[in-house]
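*Asks:* Letter by letter, the chains look like this.
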Amino acid sequence: MAQAHSKAIARKRLPSWPVIRKELRVNLPLLALALPGLIHILLFQYATLPFLLVAFKSYRPALGLWDSPWVGFRNFEFLFTGTGKGWEIIRNVLLYNSTFIILGTVFALAIAIMLAEVHHSRLSRIYRTSLFLPQFISWVIIAYIVLAFFDRDQGMINAMLRSAGANPVNWYGTSEAWPPILVAAHLWRTVGLGSVVYLAGILRINPELFEAAAVDGANRWQQIRFITLPSLMPLVIVLTLLSIGNIFRADFGLFYQVPRQYANPLLIGSTDVIDTFVVRALSNSGQIELATAAGFFQSFVGLVLVVFINSIVRRVNPERALF
Amino acid sequence: MQLGKRLDRLPEDEDRFLSVHSENRAWTAAVHFILTVLALAFFVPIMLVISASFSDERTVLLNGYRLWPQNFSLQAYEYLFLDVTQIFRSYGVSIIVTFFGTTLGLLLSSMLAYALSRRNFRLRNVLSFIVYFTILFNGGIVPFYLLITRSLQLQNTLWALILPHLVVGFYVLILRTYFRELPEEIMEAATMDGAGEMRIFFQIVLPMSIPALATIGLFFILFYWNDWFTPLLFIRSNELVPLQYLLHRTMADLQFLTDNMSNIPTDIARPPVPLATIRMALAVLGAAPITLIFLLLQRYFVSGLTIGALKG
Numbered sequence: 005m006a007q008a009h010s011k012a013i014a015r016k017r018l019p020s021w022p023v024i025r026k027e028l029r030v031n032l033p034l035l036a037l038a039l040p041g042l043i044h045i046l047l048f049q050y051a052t053l054p055f056l057l058v059a060f061k062s063y064r065p066a067l068g069l070w071d072s073p074w075v076g077f078r079n080f081e082f083l084f085t086g087t088g089k090g091w092e093i094i095r096n097v098l099l100y101n102s103t104f105i106i107l108g109t110v111f112a113l114a115i116a117i118m119l120a121e122v123h124h125s126r127l128s129r130i131y132r133t134s135l136f137l138p139q140f141i142s143w144v145i146i147a148y149i150v151l152a153f154f155d156r157d158q159g160m161i162n163a164m165l166r167s168a169g170a171n172p173v174n175w176y177g178t179s180e181a182w183p184p185i186l187v188a189a190h191l192w193r194t195v196g197l198g199s200v201v202y203l204a205g206i207l208r209i210n211p212e213l214f215e216a217a218a219v220d221g222a223n224r225w226q227q228i229r230f231i232t233l234p235s236l237m238p239l240v241i242v243l244t245l246l247s248i249g250n251i252f253r254a255d256f257g258l259f260y261q262v263p264r265q266y267a268n269p270l271l272i273g274s275t276d277v278i279d280t281f282v283v284r285a286l287s288n289s290g291q292i293e294l295a296t297a298a299g300f301f302q303s304f305v306g307l308v309l310v311v312f313i314n315s316i317v318r319r320v321n322p323e324r325a326l327f
Numbered sequence: 364m365q366l367g368k369r370l371d372r373l374p375e376d377e378d379r380f381l382s383v384h385s386e387n388r389a390w391t392a393a394v395h396f397i398l399t400v401l402a403l404a405f406f407v408p409i410m411l412v413i414s415a416s417f418s419d420e421r422t423v424l425l426n427g428y429r430l431w432p433q434n435f436s437l438q439a440y441e442y443l444f445l446d447v448t449q450i451f452r453s454y455g456v457s458i459i460v461t462f463f464g465t466t467l468g469l470l471l472s473s474m475l476a477y478a479l480s481r482r483n484f485r486l487r488n489v490l491s492f493i494v495y496f497t498i499l500f501n502g503g504i505v506p507f508y509l510l511i512t513r514s515l516q517l518q519n520t521l522w523a524l525i526l527p528h529l530v531v532g533f534y535v536l537i538l539r540t541y542f543r544e545l546p547e548e549i550m551e552a553a554t555m556d557g558a559g560e561m562r563i564f565f566q567i568v569l570p571m572s573i574p575a576l577a578t579i580g581l582f583f584i585l586f587y588w589n590d591w592f593t594p595l596l597f598i599r600s601n602e603l604v605p606l607q608y609l610l611h612r613t614m615a616d617l618q619f620l621t622d623n624m625s626n627i628p629t630d631i632a633r634p635p636v637p638l639a640t641i642r643m644a645l646a647v648l649g650a651a652p653i654t655l656i657f658l659l660l661q662r663y664f665v666s667g668l669t670i671g672a673l674k675g
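Protein sequence lines, in the order shown, are assigned to chains A and B. Counting in the numbering used here, the first sequence runs from 5 upward without gaps. Counting in the numbering used here, the second sequence runs from 364 upward without gaps.
Any given hint could be a false lead.
[Unchecked claim] For lysine to aspartate or glutamate, the following EDC-like pairs were computed, each having C-alpha atoms within a straight-line distance of at most 20 angstroms:
#1 A:LYS26 x B:ASP446
#2 A:LYS26 x B:ASP419
#3 A:LYS89 x A:GLU180
#4 A:LYS26 x B:GLU544
#5 A:LYS89 x A:GLU215
#6 A:LYS26 x B:GLU547
[To be verified] Chain B residues, not near chain A, derived (Cβ > 10 angstroms throughout):
#7 GLU441
#8 SER472
#9 LEU509
#10 THR520
#11 LEU545
#12 GLU560
#13 ILE567
#14 PHE592
#15 GLU602
#16 GLN661
[As the list claims (entries may be wrong)] Stretch by stretch, here's where chain A covers chain B in the computed footprint (C-beta under 8 angstroms, at least three residues):
#17 405 to 412
#18 425 to 437
#19 477 to 488
#20 524 to 533
#21 635 to 649
Since the hints were made in silico from the structure, they are not lab data. Small disclaimer: the values here were computed from a predicted structure and weren't measured. Every residue gets a Cβ at the ideal spot worked out from N, C-alpha and C, and that includes glycine.
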């Protein structure tokens with residue numbers, strides 16, 4: 005009796021051989037397909053993580069990662085209180101990203117609303133193409149473009165100032181000039197993509213709503229205020245929240261290339277963000293621990309922030325939550 | 364496969380452009396006007412660089428850069444082509460890196476994404492977490508640098524430019540979403556006919572996924588072609604300098620380009636470097652390929668992204 009019972013249990017736990025074979029026939033090839041990509045991720049993403057420990061050590065290349073002396077949070081302290089750089093780069097990245105989010109959303113919405121009015125699909129594509137084009141141009145080339153505008157001697161802006169009788173400005177020596185320039189450069193590059201996303205949102209609105217409103221005598225502006233914008237609000241909120249989740253992360257190319265930080269140290273104060281600081285400190289071998297600490301801070305705070313934001317998004321609009 | 368072709372073009376979505384708001388001539392005219400001005404304004408920076416590259420050096424030194432070429436001249440380009448060695452080399456490096464990076468990257472990413480999309484894959488949840496966690500958190504620049512140089516010893520190699528970016532959690536996610544939406548019946552039918560998972564993937568799923576693969580492929584191309592940061596970190600020798608990095612070095616230090624043009628006779632016989640225009644010519648050469656690709660394919664790309672946003 006007991007024997008039959010335990011045999012029955014055993015039969016429940018271990019699947020029969022044909023079942024195992026069937027599972028393997030499906031799972032083994034799938035695993036084989038997944039393996040190269042998986043190995044890549046493990047190698048190039050996860051294998052970097054141990055090096056985060058450099059943030060807690062006083063790194064000596066000769067000794068390597070494991071034997072270098074441990075200093076706890078001293079690098080982080082130094083980053084924030086010692087050099088004060090920590091606060092500056094955080095302040096910069098927060099200010100810039102906030103401006104990017106606000107202005108980016110406003111402009112993308114405005115453009116999307118206008119694009120939705122274009123009934124001619126070919127013209128619409130022409131508009132969208134020209135708005136999209138900057139996405140394809142690397143920041144290095146954009147740095148050349150900015151140079152063409154703002155170079156002290158040949159720049160078009162100064163040339164126009166001169167011919168108007170005004171004095172030319174040494175743009176690359178004036179650090180206050182760069183926040184607006186960087187915001188403009190960022191908008192130029194990204195507003196095309198943003199407007200397409202919002203345009204898709206507008207196209208999802210039921211056209212009957214607009215027809216009914218027109219019948220009731222609403223003019224275009226009222227239609228936009230009372231139908232288009234409210235319908236887009238959930239999308240705007242979600243996208244804004246997701247951007248806030250990434251608020252400590254900056255587009256390195258924008259901040260490093262456009263003001264030509266490598267050539268204009270005067271501009272670093274107003275254009276430095278965590279990412280540019282890390283790269284600069286990396287080249288100074290004396291500061292590699294600071295660089296790692298700053299990067300660790302950025303990744304860690306970024307993770308916490310994204311998880312937090314995601315829980316909010318899940319309440320607002322569950323399908324759009326990241327996880 | 365007919366199904367694949369149908370997924371390419373969804374005409375209903377494009378046609379919706381034609382019927383969102385009701386008629387109102389003045390408003391539409393105003394909108395067109397603003398959009399035209401905007402589109403032109405977006406183009407102005409590019410025009411500035413192009414026109415500067417085709418301008419006469421002396422005039423530019425006097426008057427600065429203008430929107431129209433002043434005294435049209437091919438000076439800058441002539442100088443660049445005096446010794447094209449470095450430029451050709453950089454083009455070559457960029458093309459090789461982009462080609463291999465894109466094909467390998469697409470292959471590995473789609474294989475992984477497909478496996479993650481199959482509901483009967485036992486390891487799906489664990490592996491998904493491992494893959495997607497990297498979107499939220501990574502070590503940052505310094506650990507990446509230390510891994511490549513200290514552990515893998517890949518500094519100053521082409522591999523350092525290609526390998527690290529082959530599989531990106533974000534693209535795997537997009538591909539997986541796409542694969543998940545493919546009709547299961549086809550795959551079940553294939554299984555019934557005796558096909559293994561590998562065969563299903565390569566002979567059925569991939570051909571059906573051309574739109575998604577093309578879009579992600581374009582992302583890869585865009586990334587690899589424009590990547591100047593990885594070379595900044597790892598490349599030291601001139602033979603391995605890709606195009607955008609060449610532009611970066613030349614921007615920082617014009618000497619970098621002119622010093623490497625060894626075929627030009629030195630001192631007396633060497634023509635003066637058209638400093639003001641040469642950078643602009645270089646920028647045009649650097650942006651031209653990808654811009655051309657974009658303009659040629661924009662019909663698919665812009666519509667595809669709009670439709671993608673519509674569905675996403």
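*Asks:* Tell me the numbers of any earlier hints that the structure contravenes, in ascending order.
*Replies:* 1, 2, 4, 5, 8, 9, 12, 14, 16
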